[in-house]
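Colleague: Given two chains presented individually in distinct reference frames, assemble the corresponding complex, making use of the accompanying hints.
Listed here are the chains, written in short residue letters.
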Amino acid sequence: MTKKNKNVKKRVTFSDDTTITTHHTHKKKDLDYDRPPVYIRKTLTTVPFHLLILLYYYIKVSNNYDTLSLLLTLIPLQIAYLIFQFNKCTIYGNKRLKINVPLLLITIGGSIVLSVPAMIIIILFGAPFVEHIFQTWLLALHASFLAYPALYSVFNCDFKVGLWKKYFIAILIGGWISCVVIPLDWDREWQVWPIPVVVGIYLGAFVGYSITAYI
Amino acid sequence: MLKRLIVSLLLQLAGLFVFLSGFFPQKNVLTGDASFTIETQIQENTKPPFNKLVLVVIDALRSDFLYSEVNSEFSFVHSKINVGEAWGYTAYSNPPTVTLPRLKGITTGSTPSFLDAILNVAEDDSSSNIKDQDSWPRQFHNHGFRLRFFGDDTWLKLLPNEIFDEYEGTNSFFVSDFEQVDLNVTRHIPDQLKESKEWDVLILHYLGLDHIGHKGGANSTFMPAKHREMDHVIEELYNDMKDDTLMIIMGDHGMNDVGNHGGSSAGETSAGLVFLSKKLAKYEKPIAQKNVKVPMTLDDSSTFQYLSSIQQMDLVPTISSLFNVPVPKNSVGVLIPEFIQLLSKKVAGIKIMENYKQLLDVAKEIDEQNYIKDFEVSRKIDVEVIIDKMRDIQKDLIRNATDYNYNNIFIGYCVLVIATIIVIVHSIKVMHFSVSLILTTAISLLLGFSCFGSSFIEEEHQLWWWIITAFVAVGYIHSSIIGKSKFKLYFIVFVCLRLIRGWNNTGQQTTYSYVLSSILGTKPALLWALNIWAVFILCMRDFKRNPASFISSFTLGMMVLTYKLDWSIVNKEQIPEYLHEIVRKYCEIYTGTNDDKVFEDALIPMATLFFQSISTICVIKILAVMLKMQKSDTLLNDMAKYITLLLIFLSSSTNIPQFLVFEILRYCIISIVKDQYDSSIYIVSLISLILQNFTFFQFGGTNSIATIDLANAYHGISENYNIYIIGWLMTMANFAPAIYWATFSWGILYKGVKNKTNTFVKYKIPHVLFNCIVGCSLLAACVALRYHLFIWSVFSPKLCYYAGWILFMNVIFGCIVEGFLIALV
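Quick mapping for you: the protein sequence lines, in order, are chains A and B.
Under this note's numbering, think of the first position of the first sequence as 7, with each following residue one higher.
Under this note's numbering, think of the first position of the second sequence as 42, with each following residue one higher.
This is chain B alone, in the form it adopts within the complex (with noise of 0.2 angstroms):
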């Protein structure tokens, strides 16, 4: 049975992860750079209508920041976009609206790959950088440029140094940090404005905006006063510019009102684009702009559509343009159409056809290249055509952003449907045609099902409600038919679902004001006695039988909890005041110091003591029990006491509570399980199956790369850091919850059983098959829909998900690790 398990694991795997090198290939891009084609000589000895460029990156700059009168302060760029001097665009930043895509998008004029959106969590990264390809700051290099770069240092990953003259990137290491990031960018800018004859090219990027949203959401408090001070920015380097200088304020990209981005909701997409020059007022202002007032409302704000709409990309070709450099090879851009007028007449109907033939040459159609030669004879075009003609074929060139590699896809799917018979035919074989087995099918063809709607994708935390209500309304009219009613336990278990529900905002859809997280946020007396409470509860869980454990975890226990509040206090969290003497007076024994970096300090080697402690401690146990020194049938308890507090060292304050609820839901589950299932290993399966999936979306968790938690992924990790690490932390972090359902099974099914490796195999079984069949469903979603608008933004996500539910929780944590211990037992 086991090599079943296994063989159908493997298998599992196999498919999977040949379908995904098929599903994400590496892009094809064009290689080389860009010159001039048509009218080379003319081109070249052109002047263009501008000489400098300051471009002003302000991350996550969403357009209503910009423009709303609601939320924007940037008073400045109001004045200036009034009078004309100034042109507002809302930009459409492709998805996966994360950095480092972005700036892929903004340099290159490419549409970034999906798999760059995974590689922006692992910045290291080098197979994402861009330093072969064609970029207008290369460009722009390449034709004499002098070019200087502050701020946040994705820049400097994605291009090659040797470009810039001069550059300092920043990090965005602490994302509680508004304040010292920006500034790191700021300082430079009184000697780059005195050296302004040395340069020809300023690029700033500003991180501390995208901070706020991340910590606060779109309307932090603290959002105003860093509009203010970007705005002050601008006004700076403005005051400073001559006329044959362009500025350009951007957002790389937006956000939603949480505060994530890497979804395609229209706050995300719509980002802020301002072209400020003093020329721009003698030319006639874009249509959208004429007859309005910034700041100002739209009628419906949830569209964040202000001003005109263009795609970011069109930057690209449009500064290319207008200084006067050839537009980058790979660029999908189309030339922003008001920007025409400030070309010479002759130039401009060059520029728009090099553009054109440039897009063509992207998008492989050499049958339209005769217009080309048309224009060459005859000089006249039709710009509102051509111009249309370039949006058409942009439209075609983003929507069919890779290829496909068919074959890998086709052998994938092929071996997932052999595991999936196999796992069928054996779950039968075991389970019999059982009330379990029918459960386990009817949930997993539902969620199968649901992979072909990208609503219930997004939205897959209520299909498990949906779920796990009917299924607890089930088991209680169950028990009260066999006469074994428990209306007490089945309403705490209810009232503890409802509450974990209510906990955080999760899904892509809807946000809520009033969950428990942010109730709690703002109650830091409650929050922490209920945080002191859920570590003391669950270093209590089996007291009376092994009194010995409560001393280990409970010294545990309270690392967890000093690391925590000293976490709090360096995020500039709110923590009872008698805590936070104690906390101090613990950072000054560490740290041996007393000033006022203390805290932060302190971080460091408390986590390196805690994790040193809990690894020896596991070590320990493993080893008293291989050496058969102590008696085995403590150590699932105790591993899975101390994997709960690795587990709350890893999630952040707000949530550590549910794990408070959590005990109480699983000391109410073991004993209705006991009673009225009598310990069945497959109802005990299905139960730690559903609420794994329940429980990982109430965390937080949803089906998009944005939410992702990195904040809990750098406990005890210094600035030079290893990546496997952060990856291993971020892994545990965002499993928590899972992870915790995972280990609930350990204190029910292996108590006084013979063959354990065959309860084992068993408990498996569910989750094996829940998983080949949803995997075959998504799998068949994705090819069938992958034409779909979004299949960047919905299914890719849902399947790097699955891949990582698969690979971590199956098969690592799930299997090996598990496996290991009931070995030991």
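Extracted from the complex, chain A is given alone in its bound form (with noise of 0.2 angstroms):
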């Protein structure tokens, strides 16, 4: 190993995180075969327009911001988006992988159960416990699918965090500051839990896979 490695080696603490610091150090020589690289390609393709109109959907066509019919439409938006974009850009060990349909529809399972730790961290961060309880469970639910092409990624490449988790902080920054509004007394009838965090998570998550190549 060249000298270069061995300071990487020693910074690297934190095992989940050597994907990303690999990634970067390694370019595209030096393989490490027992810790290939994961990153993404820094293309277009991994921007998430669909969010976008389904943002515009929620807002401005249905009917009284219906949440539930929103988390169903991204559902298959999101499976889609996982298979022709963000998949093709998803580069582990110097190569493209195949879609893996079992493992798409296990994620679907995956993000199900993923919207229980994530309705926890939603009552941390201070959700109403008793009351509206539904609605939180219906925003654990948006953000576990929102997150679902990181989560499907995480499975496929051998659970490595490290990179990911960018995917499900970004997430949780949208939709942490997307709160400032709710105090205000605007009176507004968007002002109403969950919706001003569902868009917040929304605008998070788009930002988040646009912009998490490149950071």
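Hints are computed from structural coordinates only; laboratory data are not their basis.
One or more hints might be untrue.
In the PhoX-like style, the derived pairs of lysine-lysine whose C-alpha atoms are separated by at most 20 angstroms in a straight line are [to be verified]:
id, chain 1, residue 1, chain 2, residue 2
1, B, K323, B, K334
2, A, K171, B, K672
3, B, K525, A, K171
4, B, K525, B, K715
5, B, K529, B, K715
6, B, K715, B, K585
7, B, K672, B, K585
8, B, K529, A, K171
9, B, K44, B, K672
10, B, K525, A, K172
11, B, K319, B, K93
12, B, K792, B, K585
Modeller: Structure representation (structure tokens):
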């Protein structure tokens, strides 16, 4: 190994993050076969335009901010996004991976399971605990299906969480920022729980999927 | 460094108080008593429609308590409204909606100044009385009416007592007393009815309904019975009345659903107002009452606008005209139009013009006076036009209630800006552009900008929650990046914070029914188990290193617990059966008696003993350290413990378990800070700052005057109380959680540090910086928005709270007390 590599190893103390660091330092040469690099290609293909369309539908078209029907539209679109856009940009061990159909289905189950910890996180971040519990769960489902492509990639890339963690954080930040509007006394119909946060996590996910390749 | 800190603090204080003196000036009032000015002869010789007045003020009588189908049990009043013998209104009571300023409004007809709300708390204060101001009771007295008064003694503090022939004040000392306080008023009624020839005006002021509200909210189970009791009183009085008697039932203000008042929400400002007289049936009802049957339901019951809506001050010119006395000089009321028909045609015009002229005098608008001259010539007026004009003047007058002293405002603001610049330069020098400086500045700016939005002030706790969640989440991510991931600790921290957030209703916009404090209130066994644990865990703090302090703190802890149990029994809260017996035995020892009043009698001696013991222990500790008889290193920890016990003593029983959560949180945070941040002074300071503010709101505090906790200011104080002691206790009780988190740093920062003064000053920098930046922004907001609708209900209270934070938390506790202790060790 070169001296450079040793330095890298010293710095990396947290296993999840090896993927990120190796991807930055190795570039193309020096493939470490024990830890093949995972990264996202820097192209416009990863931009999830369907999320913006969904938001437009949610805010302007749908009747009274129908969060449930939004969710039902989100799921197939996220699958399509994963197959036709996201997966094509994911490079693992210097190859593009083929779509693994059983895993697609398993990940749907995984997303539903993920909604439970997501809900715990949302409640820990201050969501009402007793009232509106169904709405909170819907929000958690939205969050976990927004993370669906990332979750699939976690499964598909041998549980290397390091890179994909950023997507979860992006969604979280989006939701966190959107909470600002809740205390305002404008008495708008969109200030009702969980509408602002749904919009927030969509925007967070949009930004996250668009720029994570660059950071 | 210390010098600079002191200078900037003093500058900040000076600037703030000069600003406040300019922003809250004493109001300019017209002095002297009013007299008739137009057609004096005719007015003096008219026979008024009514000769006798019965005024029943029911404290916090919100409009829906009188008219709503859901809430109201006033069946007698309903029947009279339906037959037209009573005219009902919803009277807008101007904020601050607390009793003293409202009574000022009701008697003088003026808009109260904001200072009155503060002075309502300091009841002893004499500067708030209106003994020299013109008011209708005074006018009635001057015109030969004989007045009698029974009820809330605020009236007697406000008005010169010699205007009443007979009076008795009741005191709202125990908020938990729902019955006696009203029976003390009602018991006078039979005698007064017998002697009805010897009085012309009878004023009764009932407090029980307000007490029920404070204790159990607007939908308390005690409410319906109280309504029926009041209704019965009204019926009794009414059945004895002759045709020439006018009876008025009114609330001085309303309440919100939690039962608090002081702010400007619809519930708090909508008071009920009913005029009752057999004579009224002969006249045309108010339009809003024509096709309606009460009790009624509103399309939107959250507006509380039942029947016609008027200003509460309108009462003043109305009764003045109906009883043919001059309208008090400072009144901004407008004659209620429906009552004009009760006056004879000739007099009606004169009375309206009299009211108009008086309003113009208050508004100092001289040009309009020509209108009145025209009237004197032609004797013709268009009633509607004049009433509309009067309403416009009234609107302007209410909005511009105070004259600002712009010089003081300007000087104060400049001084504060200078202080801020000094602090900023200094903190950049000391902290260099570190992460903690950036974070502090970011939080200060965020809070600063939020001062410009009234809802952000009302819901400030949301901002702190927003900050704290981000702070913890970033802390966790940081910890995992530097490879010291502490998932468990962070998870516990998050759970604790979420529990604290769900503890009380806070903020001024929404109230949730499922908050931990109310859930615990219904489960006394669990509540008291938690309370006992809270005290025990606190006493166990540092047990390993300093077992000796366990004994003293444990003794104090037991005293706190028994006192709190006894207090709960006296306040008719439920406590577990087994504890009840223990407390009873304990109280019997204290008082030496064993009758039913033993619980009440034991309260004051128990509290006195507690105060004496805790101060003795503290003094002994400090003396021992000063005389070098004891090592100084345990002093800070011990003092923090004793202070926390005192805070528990001053907290309500449903809030005590929060201290248990605090202890857990404190333990987790200390180990995180030590490991992850190497006990960085600035990080500790920032954490303490955030937690102080966050827990202050989650303890039930807000930026509204309404939520100042008074119930906990009277511990160990007998009826002949000293206002300063109450003031101190009140401040301690309201800042209890903030004080706890201010003492939190003592255990981390000063262990084995040589230059303690240096550490102390460094620790203070983020606090001072935060206060300066927020202060500049808040003061600017108050000046810029001084004509905003919410200036008196939202921005001014926030300004007062800010002054309280600076003065008490920063200067008195944070610098003087803390500085003194640190100088010792």
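Colleague: Would you mind marking each hint as holding or not holding in the structure?
Modeller: Checked hints:
1. Among the hinted pairs, K323(B) with K334(B) is consistent with the structure: their alpha-carbon atoms are about 18 angstroms apart, no more than 20 angstroms.
2. Between K171(A) and K672(B) the CA atoms are separated by roughly 51 angstroms; this puts the pair beyond 20 angstroms, and the hint is violated.
3. With a C-alpha separation of about 17 angstroms, the suggested pair K525(B) and K171(A) falls inside the 20 angstroms cut-off, and the hint holds.
4. The hinted pair formed by K525(B) and K715(B) meets the criterion: a straight-line CA distance of about 12 angstroms does not exceed 20 angstroms.
5. For the suggested pair K529(B) and K715(B), the alpha carbons sit about 16 angstroms apart, so the restraint of at most 20 angstroms is met.
6. Distance check on the hinted pair: K715(B) and K585(B) sit about 19 angstroms apart at the alpha-carbon level, within 20 angstroms; holds.
7. Restraint check for K672(B) and K585(B): the C-alpha separation of about 16 angstroms stays at or below 20 angstroms, so the hint holds.
8. Distance hint between K529(B) and K171(A) is fulfilled; the C-alpha atoms sit about 19 angstroms from each other, no more than 20 angstroms.
9. With a C-alpha separation of about 28 angstroms, the suggested pair K44(B) and K672(B) falls outside the 20 angstroms cut-off, and the hint is violated.
10. With a C-alpha separation of about 19 angstroms, the suggested pairing of K525(B) with K172(A) holds against the 20 angstroms cut-off.
11. Taking the CA atoms of K319(B) and K93(B), the gap is about 13 angstroms. The hint holds against a cut of 20 angstroms.
12. For the hint pairing K792(B) with K585(B), the CA-to-CA distance comes to about 16 angstroms; that is within 20 angstroms, so the pair holds.
Of the numbered hints stated above, those contradicted by the structure are hints 2 and 9, listed in ascending order.
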